[in-house]
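For the protein sequence lines, the chains are S and Z, in the order given.
The opening position of the first sequence corresponds to residue 1 in the working numbering, with each subsequent residue numbered one higher.
The opening position of the second sequence corresponds to residue 1001 in the working numbering, with each subsequent residue numbered one higher.
It should be emphasised that the hints constitute simulated quantities derived from the structure, not laboratory data.
Nothing false has been slipped in among the hints.
DEER-style ranges, computed between Cβ atoms:
| id | chain 1 | residue 1 | chain 2 | residue 2 | range |
| --- | --- | --- | --- | --- | --- |
| 1 | S | Ala263 | Z | Asp1100 | 43 to 51 angstroms |
| 2 | Z | Ser1187 | S | Phe122 | 47 to 55 angstroms |
| 3 | Z | Ala1014 | S | Asp212 | 45 to 53 angstroms |
| 4 | Z | Gly1185 | S | Ser63 | 28 to 36 angstroms |
| 5 | S | Glu36 | Z | Tyr1172 | 26 to 34 angstroms |
| 6 | S | Gly18 | Z | Arg1075 | 44 to 52 angstroms |
| 7 | S | Leu41 | Z | Thr1106 | 34 to 42 angstroms |
| 8 | S | Leu116 | Z | Arg1158 | 47 to 55 angstroms |
| 9 | Z | Thr1088 | S | Ala111 | 37 to 45 angstroms |
| 10 | Z | Lys1176 | S | Ser62 | 16 to 24 angstroms |
| 11 | S | Glu88 | Z | Asp1100 | 19 to 27 angstroms |
| 12 | S | Ala56 | Z | Ala1013 | 36 to 44 angstroms |
For clarity, every value in this text was computed on a predicted model and none was experimentally measured.
Ideal Cβ positions, reconstructed from N, Cα and C, are used throughout, including at glycine.
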Amino acid sequence: MQQEQHGNKSAETCEEFGPRWTLFAAGELDATEIAEMNEHLLHCANCNATLAQENALLALLSSNRTEPDAALLAGCRASLEDALDQEEEHGWLRRAISTWMPGSWISPAPAWSAALLLLIGFSVGILGPRFVKHSIAPNSASQAGTSTTASTLPEIANPDDSASSSLSKLDLHTANFAGINVFPSSNNEPPQVELQLNTRQPITVQGTVNDDEVKSVLLYFLHNSQRFDADARMNAVELLRARNNDADVRAALCQTVHTDQNAAVRLKALEALAGAEPQDIIQQTLLDALVDDHNPGVRVEAINALREMAAKGQVDSDDHLLAVLRDRVQKDPSTYIRLQSAAAIRDLGPRQKF
Amino acid sequence: MGMSVAFEGDARAAATVKLAEEQALVRSAQAGDRLAFEELVRRFDREVLRLALNLVKRPEDARDIYQESFLRVYRNLHRFRFECSFYTWLYRIVTNVALDHLRRRTSRREDQAPVPEEAEGGTRDFFDRQPEMRAAANPERHLLGQELGEHIATALDRLSPRERMVFEMKHYQGLKLRAIGDMLGTSEETVKNSLFRATRKLRASLDGMR
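So here's chain S without its partners, still in its complex pose (with noise of 0.2 angstroms):
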């Protein structure tokens, strides 16, 4: 009769007690709601079997679960690297148009927009083909008239550009640097190159230096230089030296020189640009490399790469010039520095008063 009574008591207590089991298991209830059903389990069988269903549902679906590896965290946070540079290159544009027109002109006057659109479109449409033939016009005739120098190419190398070729964005986005192995020619060709790249799959790129696909690995690896190791650099400087006449090796060396964290590989950049052209723009990259590097050793190869092209007459003396190697006499730290400046000034110019 008591335990009638008891059972009784349970079948009540369950149904109030139901949906809660599921808030239970999910850790929802405060230390009394717990403690009482924590009670209430002590004699009823049901809400333990309800309970034990629970928890075994969770632990089926659990066993389902999937963990991002790394690759993949990896992939997704160099595709997200390169949609922010999209967005700040491009930035600057949507704020332009959203301070001129926001986003609610076009709504309260749809037929007034769609002809203001149709105009701009034609307006484009037969001003734009104009505009583009004179301005490409002067530059394709000096191209039909000789062959294409370094000094026409763009200065500017786009990374992203110098990607290209059968390594696909996404397969360089996500490589890890793996190896580099240089086997020596034995005329004068450049040596023959062994990249190991791990992505998904590893990857090897064999070739010579010459060979765009190597370039533009090696290329990649100076672009993103806080991806990849030193050595990997230093590796990728010292064989792009021999190109360093081909626009966008020059301009990834110039952007190593002002960019890369680790000094040996802009001491190597440095080196790797002596004899390239054209040479204001290797002077400049001298220039900024004795003014802003901090590390002395960096200063020194730039002093002395623009004391040798003082030497063959390959420097520009002009004012600007004349006025970093004051303030370098001046004011660096280095005594070595403060003379090669000194003996510069006078290398290049009538004697100058300090």
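For this one, chain S is given, so just place chain Z on it according to the hints.
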């Protein structure tokens, strides 16, 4: 007891420092510091990717959600006024993007099929649909088998996008119902009901599998 109090005090102090760091990062990012923004991304992106991957299952879809979410964060960071934690604000954006994705997928019949067909015409199990995961040893694969994986995928597909989101955030992101309500812009009671419905549907679908 004394040690426990000291430990709690240390934990609280560490949390305060972390919050202050996070706020400083957000302010720097709002001022246009790209590195600060990337640091914020790295603090939260693994969790965001895990949420996305377990909601949509396909790595390429998860990647889309990841990218769209963080781009929206980047574009709207200047609107963040510190009225809630950055985490909550971020998750509002992520859940919106993920819900949109799930709704679009639900509306596309070809995407509703729980198991896509192989080129040869056969079918693949849940794990086969995720090539990136194969490299990692997964002992559950041996236990679950093809049929079980398919059943679970089908059961999850029967949930509405919101039910699925609530279930995922509660049981696998470990969030409280109130926090989920904040992120989804709804009340705790509504979230609770979504959790009840999701659990009921899953129980019915997977009855006999446990």
